[in-house]
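S.K.: Protein chains in written order, with this note's numbering: chain A, 3 to 232; chain B, 3 to 232; chain C, 3 to 232.
It cannot be assumed that every hint is accurate.
Identical copies carry no separate label here, and so any pair may be met within one copy or between two of them.
Unchecked claim - Calculated pairs, DSS-like style, for lysine-lysine (alpha carbon to alpha carbon, straight line, at most 30 Å):
1. Lys216 <-> Lys170
2. Lys68 <-> Lys185
3. Lys67 <-> Lys186
4. Lys170 <-> Lys46
5. Lys133 <-> Lys176
6. Lys170 <-> Lys186
Just so you know, these hints were derived from the structure itself, not from any lab.
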Amino acid sequence: MSIDPTATLGNGCEIGEFVVIEEDVEIGDNVTIDHHVVIKAGTKVGDDVRIQAFTLLGKQPAANKKMARKPTAALFPLTIGAGVTIGSHVTLYHGSVIADEVFIGDHVSIREEVEVGRRSVIGRHAMVEPKTTIGQSVTVQTGCYVTADTTIEDFVFLGPCVSMSNDKYMASGKGVHTGPYIKKGAKLGNHATLLPSITIGADAVIGAGAVVTKDVADSTVVVGNPARRK
Amino acid sequence: MSIDPTATLGNGCEIGEFVVIEEDVEIGDNVTIDHHVVIKAGTKVGDDVRIQAFTLLGKQPAANKKMARKPTAALFPLTIGAGVTIGSHVTLYHGSVIADEVFIGDHVSIREEVEVGRRSVIGRHAMVEPKTTIGQSVTVQTGCYVTADTTIEDFVFLGPCVSMSNDKYMASGKGVHTGPYIKKGAKLGNHATLLPSITIGADAVIGAGAVVTKDVADSTVVVGNPARRK
Amino acid sequence: MSIDPTATLGNGCEIGEFVVIEEDVEIGDNVTIDHHVVIKAGTKVGDDVRIQAFTLLGKQPAANKKMARKPTAALFPLTIGAGVTIGSHVTLYHGSVIADEVFIGDHVSIREEVEVGRRSVIGRHAMVEPKTTIGQSVTVQTGCYVTADTTIEDFVFLGPCVSMSNDKYMASGKGVHTGPYIKKGAKLGNHATLLPSITIGADAVIGAGAVVTKDVADSTVVVGNPARRK
Numbered sequence: 003m004s005i006d007p008t009a010t011l012g013n014g015c016e017i018g019e020f021v022v023i024e025e026d027v028e029i030g031d032n033v034t035i036d037h038h039v040v041i042k043a044g045t046k047v048g049d050d051v052r053i054q055a056f057t058l059l060g061k062q063p064a065a066n067k068k069m070a071r072k073p074t075a076a077l078f079p080l081t082i083g084a085g086v087t088i089g090s091h092v093t094l095y096h097g098s099v100i101a102d103e104v105f106i107g108d109h110v111s112i113r114e115e116v117e118v119g120r121r122s123v124i125g126r127h128a129m130v131e132p133k134t135t136i137g138q139s140v141t142v143q144t145g146c147y148v149t150a151d152t153t154i155e156d157f158v159f160l161g162p163c164v165s166m167s168n169d170k171y172m173a174s175g176k177g178v179h180t181g182p183y184i185k186k187g188a189k190l191g192n193h194a195t196l197l198p199s200i201t202i203g204a205d206a207v208i209g210a211g212a213v214v215t216k217d218v219a220d221s222t223v224v225v226g227n228p229a230r231r232k
Numbered sequence: 003m004s005i006d007p008t009a010t011l012g013n014g015c016e017i018g019e020f021v022v023i024e025e026d027v028e029i030g031d032n033v034t035i036d037h038h039v040v041i042k043a044g045t046k047v048g049d050d051v052r053i054q055a056f057t058l059l060g061k062q063p064a065a066n067k068k069m070a071r072k073p074t075a076a077l078f079p080l081t082i083g084a085g086v087t088i089g090s091h092v093t094l095y096h097g098s099v100i101a102d103e104v105f106i107g108d109h110v111s112i113r114e115e116v117e118v119g120r121r122s123v124i125g126r127h128a129m130v131e132p133k134t135t136i137g138q139s140v141t142v143q144t145g146c147y148v149t150a151d152t153t154i155e156d157f158v159f160l161g162p163c164v165s166m167s168n169d170k171y172m173a174s175g176k177g178v179h180t181g182p183y184i185k186k187g188a189k190l191g192n193h194a195t196l197l198p199s200i201t202i203g204a205d206a207v208i209g210a211g212a213v214v215t216k217d218v219a220d221s222t223v224v225v226g227n228p229a230r231r232k
Numbered sequence: 003m004s005i006d007p008t009a010t011l012g013n014g015c016e017i018g019e020f021v022v023i024e025e026d027v028e029i030g031d032n033v034t035i036d037h038h039v040v041i042k043a044g045t046k047v048g049d050d051v052r053i054q055a056f057t058l059l060g061k062q063p064a065a066n067k068k069m070a071r072k073p074t075a076a077l078f079p080l081t082i083g084a085g086v087t088i089g090s091h092v093t094l095y096h097g098s099v100i101a102d103e104v105f106i107g108d109h110v111s112i113r114e115e116v117e118v119g120r121r122s123v124i125g126r127h128a129m130v131e132p133k134t135t136i137g138q139s140v141t142v143q144t145g146c147y148v149t150a151d152t153t154i155e156d157f158v159f160l161g162p163c164v165s166m167s168n169d170k171y172m173a174s175g176k177g178v179h180t181g182p183y184i185k186k187g188a189k190l191g192n193h194a195t196l197l198p199s200i201t202i203g204a205d206a207v208i209g210a211g212a213v214v215t216k217d218v219a220d221s222t223v224v225v226g227n228p229a230r231r232k
């Protein structure tokens with residue numbers, strides 16, 4: 003393994019083979035780090051965190067000349083709360099905050115400037131874009147795509163493979179980018195599709211495979227393509 | 003590399019750089035293990051298996067306080083049959099059985115208590131949830147999501163990015179969880195969506211993008227949202 | 003690290019921990035290779051390329067007895083142009099060409115015999131199948147599935163989680179496999195579904211969640227399931 007001398011580790015940590023921990027990383031007590039984990043410079047890991055094989059924490063954002071969204075210059079370090087479980091083959095970026103007791107499944111990627119609230123679950127292979135806020139006790143199931151500039155309130159349930167978008171004009175340079183706003187307790191069925199800037203009301207239910215083209219009121223059920231009240 | 007002294011390897015194996023093989027692993031003859039592979043304790047690998055880079059075999063299940071499905075206490079080891087090919091960046095869990103000559107693409111994850119039958123193909127990035135049975139000569143194409151508690155019989159074809167669900171009430175605590183039952187020879191088009199507990203009949207054809215809300219009879223073709231007979 | 007003596011590296015390269023570079027690899031000047039990267043035999047990497055952790059370059063194709071598409075015997079090496087950025091946990095196959103200034107996101111996999119044109123962006127978790135041509139300044143957003151035998155012209159925009167297919171008879175052995183042909187400047191909304199052999203006209207717009215069952219004329223907008231002119 004390769005641990006930078008400026009990194010700090012708490013008591014009772016277990017560290018596997020071929021682990022890399024870069025400079026100024028801070029790791030709490032009783033953290034379990036499996037084989038082949040890479041923790042980039044400055045990342046902060048709370049107590050009782052479990053990190054599985056082939057996971058990368060604290061990746062710096064990057065872009066090419068074509069991309070609209072350039073990385074923000076100065077981000078705070080990736081910060082992981084106490085009791086978080088992180089699966090295998092995960093990528094978490096610098097500049098995000100993962101609250102206590104969150105569960106992050108295998109093969110997840112979460113970009114910069116994302117907040118994930120306490121006890122939320124981010125399912126395997128889920129993809130979370132930048133500048134997105136996910137509340138407490140939210141379930142984002144396996145294979146979901148959460149676009150940038152999105153707000154998901156507490157207790158929301160996203161079924162498997164839900165997709166969203168945030169750019170009405172699809173890279174034509176018009177308009178602002180705004181992801182959906184999903185209110186407390188809403189439930190979205192698997193493979194549902196949300197158009198940009200949609201608000202999903204509190205406790206609304208979106209059917210599996212629905213294509214939501216306009217706002218959905220609180221406690222309303224919609225299904226179909228385009229989605230209509232049931 | 004790091005190979006535990008209690009692990010056993012057959013004749014003619016090739017092992018790459020930075021490989022980790024934990025205690026009590028049993029590996030057959032003529033197995034090829036590429037660089038950066040991790041094989042967790044107790045895993046059994048048959049003859050002539052090929053394992054590509056950054057793959058993790060035998061991962062133990064985990065959960066946080068919010069998750070409904072807790073790991074089963076005592077599972078048997080991950081068991082991989084003869085002649086299996088496993089791609090790169092794959093995660094296979096402890097407690098599953100992969101039969102002879104199966105092909106598992108890159109970036110796949112398969113959870114615990116899953117059976118995959120002889121000569122089946124699990125396409126790249128596919129996600130398979132726990133307690134699911136996949137028959138022989140099944141094709142699960144790239145990007146599919148196979149939910150928990152699902153049965154897929156022999157010779158079924160799932161096109162790319164098919165999605166399913168198993169929880170009609172979406173985490174509200176009502177009802178049992180049951181995935182779909184897909185009978186012999188059924189073919190599902192790409193991006194099809196299945197609601198929970200649906201039965202797809204033998205040799206049925208589900209159109210691309212169809213949203214299947216009720217059972218489909220044998221040898222029937224359905225398309226649309228909701229899916230209807232063509 | 004493990005670098006084969008037949009590999010060549012340019013000036014000013016930075017190489018992380020636990021990197022494997024196999025025989026006859028050619029690496030240009032000022033290339034940055036993060037920890038745990040594997041570069042397979044013969045791969046050519048241009049100047050100023052950035053490769054992030056857990057990425058595998060130059061993977062050889064494989065198949066089992068059931069799979070229709072067998073690997074082509076003699077492919078040229080994976081060739082990566084100048085100024086390309088490659089994310090973490092990426093798999094790129096032998097026999098593909100990535101042009102200058104392309105951006106490839108985390109967790110992407112691109113198969114053999116694929117060309118990606120200058121300044122194009124392949125979003126995170128995207129999956130690209132063999133024998134596919136992607137033009138210049140194309141955007142393939144996060145989670146897209148690009149099937150085999152597909153042509154995507156310059157300036158096309160694929161929103162998140164677009165899916166395609168190339169096999170009308172779904173592995174029944176009838177017909178040829180042909181993916182879609184997507185003409186210059188077309189824009190596809192998130193979660194759109196394309197049936198096999200479809201042509202999408204230049205500057206056409208496909209709505210989010212649309213299921214495209216027949217050709218779409220130039221500069222036409224279609225939405226719904228099945229997709230119809232708006």
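S.K.: None of the hints should be skipped; say for each whether it holds.
M.R.: Hint by hint, here is what the structure shows:
1. Lys216 <-> Lys170: Intra 12 Å, inter 24 Å, cutoff 30 Å: intra and inter.
2. Lys68 <-> Lys185: Answer is between; shortest inter-copy Cα gap is 19 Å, intra-copy 34 Å.
3. Lys67 <-> Lys186: between (38 Å within a copy, 20 Å between copies)
4. Lys170 <-> Lys46: So Lys170 and Lys46 fail the 30 Å test inside a copy (37 Å) and across (39 Å) alike.
5. Lys133 <-> Lys176: within (20 Å within a copy, 34 Å between copies)
6. Lys170 <-> Lys186: both (24 Å within a copy, 19 Å between copies)
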